[in-house]
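**Q** Sequence:
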Amino acid sequence: MDVMFGGTETVASVIEWSMAELMKSPEDLKKVQQELVDVVGLNRRFHESDLEKLTYLRCAFKETLRLHPPIPLLLHETSDESVVAGYSVPAGSRVWINVWAINRDKNAWDDPETFKPSRFLEDGAPDFKGSNFEFLPFGSGRRSCPGMQLGLYGLEMAVANLLHCFSWELARWNEAE
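When we follow my numbering, the leftmost residue of the sequence shown carries the number 1, and every step to the right adds one.
Each hint should be verified, as a subset may be incorrect.
With a cut-off of at most 16 angstroms between alpha-carbon atoms, the simulated EDC-like pairs for lysine to aspartate or glutamate come out as follows [to be verified]: (1) K53 to E156; (2) K24 to E113; (3) K31 to E21; (4) K116 to E27; (5) K62 to D123; (6) K53 to D38; (7) K31 to E169; (8) K62 to E156; (9) K62 to D28; (10) K62 to E122; (11) K62 to E16; (12) K106 to E134; (13) K62 to E134; (14) K116 to D105; (15) K116 to D28; (16) K62 to E113; (17) K62 to D127; (18) K30 to E169; (19) K24 to E169; (20) K62 to E52; (21) K62 to E21; (22) K116 to E21.
No wet-lab data here; the hints were simulated from the structure.
Given the sequences, and given the hints that come with them, work out the whole structure.
**A** Right, here's the structure in full:
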């Protein structure tokens, strides 16, 4: 049961962050919605088969996961003795991987605090597979998230349908009428 609830909570969180980031960035929201119009049109509903053609939407998801990883800290165990930054780390030590900090590292990302989906359009941009250690929203190796594909599917289907069927904008507060 923990796996089921853990998966639904993290997907729901990323759906909310995706919508929030896109609404805070109207230019990117327009690009995603235009891509949906170009691929799906306005006369039919969005289908799963459309996903592979929605490049910018997928970049927006990657950027959301970079800024708001569903699991910001990963717990791992060292298999061998290592030295990290001059410190000895014995084999079998439990170590925390701060995914949130890695995803905002100025040495790995240009303008790391800014929501910029276009960064994932560049050649050699990191992917979900876990081999790019500057981008680990699902962990890596044997301990990577077992529900990654199902979670991405739920995220993609929910947000794509919300963006295709409705217009979105942030509420205006405290403005003179």
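**Q** Next, verify each hint and record whether it holds.
**A** Results for each hint:
1. K53 to E156: holds (12 angstroms)
2. K24 to E113: holds (13 angstroms)
3. K31 to E21: holds (13 angstroms)
4. K116 to E27: Measuring from Cα to Cα gives roughly 10 angstroms; hence the hint holds.
5. K62 to D123: holds (15 angstroms)
6. K53 to D38: holds (10 angstroms)
7. K31 to E169: Answer holds: K31 to E169 is near 14 angstroms, not above 16 angstroms.
8. K62 to E156: holds (11 angstroms)
9. K62 to D28: At roughly 13 angstroms apart (the allowed maximum being 16 angstroms), D28 and K62 satisfy the hint.
10. K62 to E122: holds (13 angstroms)
11. K62 to E16: Status holds; Cα separation ~14 angstroms.
12. K106 to E134: holds (11 angstroms)
13. K62 to E134: Distance of about 12 angstroms is within 16 angstroms: holds.
14. K116 to D105: holds (15 angstroms)
15. K116 to D28: OK: K116 and D28 at ~8 angstroms, within 16 angstroms.
16. K62 to E113: holds (14 angstroms)
17. K62 to D127: Holds: K62 and D127 sit about 8 angstroms apart, inside 16 angstroms.
18. K30 to E169: Answer holds: K30 to E169 is near 11 angstroms, not above 16 angstroms.
19. K24 to E169: holds (8 angstroms)
20. K62 to E52: Between K62 and E52 the Cα gap is close to 14 angstroms, so the pair holds against 16 angstroms.
21. K62 to E21: Given pair K62, E21 holds - Cα atoms ~12 angstroms apart, limit 16 angstroms.
22. K116 to E21: This hinted pair holds, its Cα atoms lying about 10 angstroms apart.
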